[in-house]
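Asker: The residues making up each chain are set out below.
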Amino acid sequence: MSALEISGLSAGYGAADVVRDISISVPAGEVVVVLGANGAGKTTTMRAICGLIDRRGSIRVDGVEIGSKPADVVNAGVSLVPQGRGTLGTLTVLDNLRVGAALRRDRAAIEEDIERWTSVFPVLAERVDQRAGTLSGGEQQMLAVARALMARPRVLLCDEPSLGLAPRIVQHLFATLRDINSEDATSMLIVEQNAELAMDLASSVYLLEVGRVVRSGTPASFREDTELRRAYLGY
Amino acid sequence: MELFVERLLAGVTNGSIFALLALALVMVYRSTGTLNFAQGEFALFSAFFAWWLVGTGLPVWAAVIAGMVAGFVLCAAAERALIRPVQRKSELATLIVALGLFSGLNAAVALIWGTDTKVMPSIVPNGLEDYFELFGARVYGDTVITWVALAAVTILMTLLFTKTELGLHMRAVADNAESAALTGVNTSRILMLGWGLAGAIGALAGSLATPLAPEQLSVTTMFPIFIGACAAALLGGLDSLAGAVIGGLIIGVVEAMVTGYVPLVGGAMQQTTAMVLIVLILVVRPNGLFGSKELERV
Ligand SMILES: Nc1ncnc2c1ncn2[C@@H]1O[C@H](COP(=O)(O)OP(=O)(O)O)[C@@H](O)[C@H]1O
Ligand SMILES: [Mg+2]
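Heads up: the sequence lines are chains C and L, in that order. No gaps in the numbering here: position 204 of the first sequence is 384 in the working numbering, and each next residue is one more. No gaps in the numbering here: position 255 of the second sequence is 507 in the working numbering, and each next residue is one more.
These are computed hints drawn from the structure, not numbers from a lab. The reader is advised that the hints may include incorrect statements.
[Claimed, not checked] Some but not every residue of chain L turned toward chain C, in silico, with C-beta under 8 Å:
{"no.": "1", "residue": "T414"}
{"no.": "2", "residue": "T416"}
{"no.": "3", "residue": "L420"}
{"no.": "4", "residue": "A424"}
{"no.": "5", "residue": "N428"}
{"no.": "6", "residue": "E430"}
{"no.": "7", "residue": "T435"}
{"no.": "8", "residue": "G436"}
[Claimed, not checked] Here are the computed distance ranges between Cβ atoms for each label pair:
{"no.": "9", "chain 1": "L", "residue 1": "I407", "chain 2": "C", "residue 2": "G317", "range": "37 to 45 Å"}
{"no.": "10", "chain 1": "L", "residue 1": "P337", "chain 2": "C", "residue 2": "A411", "range": "39 to 47 Å"}
{"no.": "11", "chain 1": "L", "residue 1": "V325", "chain 2": "C", "residue 2": "N218", "range": "40 to 48 Å"}
{"no.": "12", "chain 1": "L", "residue 1": "G366", "chain 2": "C", "residue 2": "D234", "range": "46 to 54 Å"}
Glycine included, every Cβ here is placed at the ideal spot set by N, Cα and C.
Start from the sequences, fold in the hints, and give me the full structure.
Answerer: Structure follows, in structure tokens:
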């Protein structure tokens with residue numbers, strides 16, 4: 181069964197839909213990548229899934245239809261690492277992590293998770309009491325991932341996690357995502373514009389153009405297509 | 253010396269009221285980034301409500317608490333029903349709605365309770381003999397209660413923001429409402445709560461201020477207090493609790509000294525002092541003494 185099953189999703193800002201009739205399936209424990217040029221509607225799709233904007237269509241987690249409020253989505257086990265990182269800049273790194281656990285009541289386990297993610301991301305451990313706004317871009321991206329993981333999601337959504345980061349940091353980030361995926365069997369839906377690294381983790385890839393899914397398949401099938409490779413993989 | 257101490261204590265007492273209302277302004281500013289121009293009139297409405305309850309035979313302390321509850325409900329409802337729908341559109345629209353609330357609440361008070369002056373009794377014994385001496389100056393009960401109230405509210409708010417999960421969520425929403433929502437924080441509830449608490453604190457300020465106010469309780473009682481509170485909040489940096497308290501005390505003392513020692517300015521010109529201070533702060537130090545500067549990498 182799919183961990184996350186999006187079918188017939190439409191959403192936008194105001195009158196016109198920006199994305200129409202999107203269907204994406206994330207099999208349990210696997211990583212799915214969504215490719216698309218700037219403005220294709222990737223972020224809009226993510227925001228619609230998380231209940232930040234109104235949507236139509238069906239979203240199921242483990243076969244169960246989820247509610248449309250952001251808290252319903254988190255409670256259903258879906259967490260987003262937003263584009264731009266969404267850092268709570270005036271709060272400390274530790275408080276950022278605590279906010280990530282906003283809906284949880286298992287205090288002891290929350291402390292364990294803080295321990296865990298600060299050891300997975302040692303740059304955060306050194307800066308727990310520092311204001312998050314003073315972190316570098318790469319550190320803020322790690323914090324955004326850790327904050328989302330504090331909700332113990334079944335499905336982790338990442339919106340352009342590599343944007344604006346140095347290649348070395350992007351590699352470290354994807355290596356960490358791979359570890360989390362294999363250790364916890366956390367399913368992932370990762371949006372990227374330039375997605376060679378993300379493709380290495382993926383079991384399937386979707387291509388978004390002007391608000392629609394125009395193609396889907398295995399990473400290999402995308403790599404074989406010269407045109408797609410040039411446009412989205414950059415070689 | 254005795255006169256100086258008397259003026260100093262009067263300044264601290266007025267300053268405590270400014271500080272309380274300034275704390276309400278900070279509360280709103282931190283939750284929605286709005287300077288609530290109607291905060292003083294919310295307090296006025298709540299104080300009149302408390303006065304009316306005293307008239308029905310309720311003990312003063314119970315009426316003050318009921319006034320705080322009314323202030324909470326009124327402010328929370330205003331945030332949800334009037335402020336939030338326009339907030340997304342523009343800051344100017346929010347400002348205009350706040351000004352509309354200012355005159356609307358003032359008119360509602362006049363309509364319901366009339367424009368004549370009322371006598372709001374003090375929450376503590378406040379007779380001519382109910383005082384103790386401090387460096388030769390007499391300190392009365394209604395003076396002490398404002399100091400105690402300010403200390404209590406400051407401590408409770410500090411604990412709320414630094415020690416509780418609710419306070420953490422309030423800080424998160426103030427910082428980045430969308431990120432907070434993405435973790436499941438109910439941002440709508442938090443915003444209403446922020447405004448509601450501000451309404452309750454303002455109501456306390458209004459109920460405590462009126463026994464001290466020379467003209468007792470009337471439709472114009474809260475305006476000079478609001479001006480003082482604005483100066484205090486600005487001086488403190490708008491988003492700092494400690495700043496609001498220290499700002500309030502400074503404004504109160506400066507006003508009392510100017511009124512007492514500068515012959516030309518005199519008692520009738522009290523508000524002018526606060527106004528001049530507001531302009532000075534905005535020109536010289538727009539972030540106030542304690543305002544947090546933007547400290548973020550993009
Ligand atoms: N807040 C918004 N209001 C109106 N239109 C928006 C908003 N955000 C994005 N759009 C529009 O929606 C389209 C898709 O944007 P987006 O989902 O951000 O694309 P992507 O993430 O794929 O780069 C673009 O044409 C963009 O201009
Ligand atoms: Mg995007």
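Asker: Does each hint fit the structure? Answer for all of them.
Answerer: Against the structure, the hints come out as follows:
no. : hint                        : verdict
1   : T414                        : 10 Å, violated
2   : T416                        : 11 Å, violated
3   : L420                        : 6 Å, holds
4   : A424                        : 5 Å, holds
5   : N428                        : 5 Å, holds
6   : E430                        : 6 Å, holds
7   : T435                        : 4 Å, holds
8   : G436                        : 4 Å, holds
9   : L:I407 - C:G317: 37 to 45 Å : 39 Å, holds
10  : L:P337 - C:A411: 39 to 47 Å : 43 Å, holds
11  : L:V325 - C:N218: 40 to 48 Å : 47 Å, holds
12  : L:G366 - C:D234: 46 to 54 Å : 47 Å, holds
Violation of the numbered hints given earlier is confined to hints 1 and 2; the remaining hints are satisfied by the structure.
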